[in-house]
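Take these sequences, add in the hints, and give me the full structure.
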Amino acid sequence: MSKELVNLMVDLKEQEALDLTTKSLEQGVDPVDILAYARKGVGLVGEKFANGVYFIPDLVFAGEILKGINKLVEPYLGSGKEDDRKRLGKVIIGTVDGDIHDIGKDMVVFTLDMNGYEVFDLGINVPKEKFVEAIKETGSKVVGLSGFLTLAFDAMKETIGAIQEAELRDSVKIMIGGGQIDEQIMTYTGADAYGLDAMEAVQLTKGWIGG
Amino acid sequence: MEQKWEEMSREERQEARFNTWLSPEGIEFVSPEAEASYKARVTRCKDAVQLKKTPDRVPVFPFFTFMPADLYGVSPGEVMYDAEKLVSVWNKYLDDYRPDYYVSPGLVGTGKCFEVLDFRQYNWPGHGVSDSSGYQCIEDEYMLADEYQALIDDPSDFWFRTYLPRIFGALEPLRAVPPFTDIWEMPLICGHMIGFGTPEVQGALKALQEAGRVAFEWGGHIGKFEMEAQAKGFVSGAGGISKAPYDILADTLRGTRNMMSDMYRRPDMILKAIERITPLAIKQGLAGVNFSGNPIAFMPLHKGADGFMSDEQFKTFYWPGLKSVILGLIKEGCVPLLFAEGGYDSRLEYLKELPKGHCIWLFDRTDMAKAKELLGDTTCIAGNAPASLLMTGTPDQVKDYCKNLIDVAGKNGGYIMSCGTAMDQGKPDTLHAMIDFTKEYGVYR
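Residue numbers (this note's numbering), protein chains in the order written: chain E, 163 to 373; chain Y, 2 to 446.
Just so you know, not all the hints are guaranteed correct.
Once the Cα atoms are required to be at most 30 Å apart in a straight line, the calculated DSSO-like pairs of lysine-lysine come out as [as the list claims (entries may be wrong)]:
(1) Y:K316 <-> E:K175
(2) Y:K357 <-> Y:K5
(3) E:K229 <-> Y:K316
(4) Y:K5 <-> Y:K332
(5) Y:K404 <-> E:K319
(6) E:K175 <-> Y:K273
(7) E:K210 <-> Y:K316
Derived by calculation from the structure, the hints in this document are not laboratory data.
Following this line, the structure appears as structure tokens:
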């Protein structure tokens, strides 16, 4: 079943993947294994995305299929069992203060999660203090700031300033992303890097904390 | 003898619309200089668009939403709730910066109207976002997956009885009224009208009436501004507005994520819906152009950008509908101004299918050298001055960037200097650099 489910995920065959999941569960296949295969499939979709074979809708739809599989598998899982994946490291992500755009941010969260990172998603319109608190609470070594509007330039700069003021700047790597984010804004905000898409966020994170 | 519209070619119709634009009805110019400036600006745009004659210089069109307010320290919240302040900062902006074309303050809207309607699809200052932020769309499913057929059967009915009640809390009761197409014989009329008599629907109609009153009053300020701006010699950057049919569905009906999944789950429904709304999108663009006397039909493009779909998906779902709307508008002599937000590098080849000299393509992050090379003989291009540089760079950096744009994209005409995105904010020194440098260096000799 393993290879078949992975392939169905990679080919984005939703109905077939859901049918196979139902059949496998009925046959007594370990639900944890099913989820692992499904995630592996999504990981390969991510690779195809990074290689320019797949595009944003493919990545989004792979997430939708996974959601459907999760729903089917859930009743078969014991409590807490679904979260026993070994994580590669912690990452904090949020859309900065004043900006409520979430599509790009959600894709980064999803892709990092699929690639084995524990992601703390602070949501949208996140005040700078919340990022500081989250770094203290989670001990994350990577922070991702998202923003689509031009006002995000200053919100990002101020967030990074607050992290600096809290004397946490040296303990984290900061990446930024969003429609108008480029090298100019990376320099302006004092971020360590910027990325153009979700897979670049994964590559940056890998480079910083391994995995 | 005046030629009949029906017998005119699209080129003749475009020429006729440019002529109407050149001599605007009801405008009394404040001075001969203002009139000369106005005519030079329209002619500059016409020459850039038609690709027949090199314009006198590169036209300059800073492209924005709330930028004029921000330049004078006025918040989006203030201009959305004070129409006098709105037009006063727009006027100040025109007087101080003297751009060739402006974005109408009409696009800012009035917060009061949204309040009366209990608008639920966007956040705006004081309603979900702070006073200093512009409006932002709330991504959601405003048309459900099983409602495609209702939209296809009767778009207007779907809008009136399903979509509007969903996005406007105050119009929620309109769900209960029967469709207007049920009215076809006298004995049916009174029965039909009962639906409009319930206290809930009467309340919704009152809200609609109040929204109309508020908007009408606000519209008076906008109309006055438009007349005065033109009388001073400035030119509005657009007369009508439309969108790609795919974006109409994806942006504010199905939502970005749902629409992406729909391409796999219900591709036939998307194609049928696009076919159904394409003529409506053409009519919408045309109506604005006819009303304003300005041939430019602004079309913001979103979900067909690089990365947002594969080439196959673009070819199947996005381009045919968009192309039909563009050609429909061109046929009527309009000039579609397509704002391709994000990157459009992988789509440029498709643009070559359009007839020469009828459009403006305003690019954001697209490779302008490649665009000029591929499209220089087909369409006027515009834009690409980055928001990042304009907001955080120095005037010299901006001049350098603009110099390169003028040298490369502006070679032999066919280019309009503009920002790559609609600016919510602005920085006086870099904006002056962009406008003044273009006026000086962008002269064709």
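Quickly compare the C-alpha distance for K229 (chain E) and K316 (chain Y) to 30 Å and report which way the hint goes.
-> Since the Cα atoms of K229 (chain E) and K316 (chain Y) sit roughly 28 Å apart, the hinted pair holds (cutoff 30 Å).
Quick one, are K404 (chain Y) and K319 (chain E) close enough, alpha carbons at most 30 Å?
-> 29 Å, holds
Is K357 (chain Y) within 30 Å of K5 (chain Y), Cα to Cα?
-> Roughly 23 Å separates the two Cα atoms, so the pair holds.
30 Å limit on alpha-carbon distance, applied to hinted pair K5 (chain Y) and K332 (chain Y) = 14 Å, holds
Are the Cα atoms of K210 (chain E) and K316 (chain Y) separated by 30 Å or less?
-> Holds: K210 (chain E) and K316 (chain Y) sit about 20 Å apart, inside 30 Å.
Does the structure keep K316 (chain Y) and K175 (chain E) at a Cα separation of 30 Å or less?
-> 21 Å, holds
Going straight from one Cα to the other, do K175 (chain E) and K273 (chain Y) come out at no more than 30 Å?
-> Within the cut-off at roughly 23 Å; holds.
Comparing the model with each earlier hint shows no violations; every hint is respected.
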